[in-house]
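A.B. asks: Sequence:
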Amino acid sequence: MEAALSTIYANGSLILMSGLIAAALFFVMVGLRELRDEQMEGFLYIALGFFFFGAHFYYILNLPDSTPMGGQESIDRVWGWLAVIFAPALIGLFLGIGLYNFVITQVKLGLTKMFFGFSLIAYLYLLGGGWAVDVKGILTVVWTMVWFNVELEAAS
199 MEAALSTIYA NGSLILMSGL IAAALFFVMV GLRELRDEQM EGFLYIALGF FFFGAHFYYI
259 LNLPDSTPMG GQESIDRVWG WLAVIFAPAL IGLFLGIGLY NFVITQVKLG LTKMFFGFSL
319 IAYLYLLGGG WAVDVKGILT VVWTMVWFNV ELEAAS
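Under the working numbering, residues 199 to 354 are what the sequence shown spells out, in order.
None of these hints come from the bench; they were simulated from the model.
Computed from a predicted structure; not experimentally measured.
You may find that some hints are simply not true.
[Claimed, not checked] Just the calculated beta-carbon pair ranges, DEER-fashion:
1. Val305 / Val276: 11 to 21 Å
2. Tyr257 / Arg234: 27 to 37 Å
3. Glu239 / Gly210: 30 to 40 Å
4. Ile213 / Thr303: 28 to 38 Å
5. Gly252 / Gly210: 19 to 29 Å
6. Tyr256 / Lys306: 16 to 26 Å
7. Val301 / Arg275: 34 to 44 Å
8. Gly328 / Arg275: 36 to 46 Å
Cβ coordinates follow ideal geometry from the N, Cα and C atoms, glycine included.
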């Protein structure tokens, strides 16, 4: 019974932690855009982003050891975090914001963001299913830099 509950807790926690990271990235990006336009509301959005980052890290540090991300013995913990938790959040942001841009008739920008979202899915889960976790983590970091670049260029 305890093993089944920890499995359910582990699966639900990964979704929750990805959502917290996605919210944090979204609010930090909105805050950077607002500060770029010299709007003081940007500090509020950045504070919200830090709150979601803090909630995420508080939650991840209190995971039980039986969950995939809760064990202390993993050397690849950061790479695993990037590949398992951060990458789905980034994919959701690429696809969600890209679909929103596509719907509001910014077709070129929307298709660009959706392309990067689908290409990250292809690299991490279709082509790179057997790749080492550090390669997946590095791809996630590169796609994060692409996301920030595309979002900040779209704002100007």
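A.B. asks: Give a verdict on every hint.
C.D. replies: Here is how each hint holds up against the structure:
| no. | hint | verdict |
| --- | --- | --- |
| 1 | Val305 / Val276: 11 to 21 Å | 37 Å, violated |
| 2 | Tyr257 / Arg234: 27 to 37 Å | 31 Å, holds |
| 3 | Glu239 / Gly210: 30 to 40 Å | 33 Å, holds |
| 4 | Ile213 / Thr303: 28 to 38 Å | 32 Å, holds |
| 5 | Gly252 / Gly210: 19 to 29 Å | 20 Å, holds |
| 6 | Tyr256 / Lys306: 16 to 26 Å | 40 Å, violated |
| 7 | Val301 / Arg275: 34 to 44 Å | 38 Å, holds |
| 8 | Gly328 / Arg275: 36 to 46 Å | 20 Å, violated |
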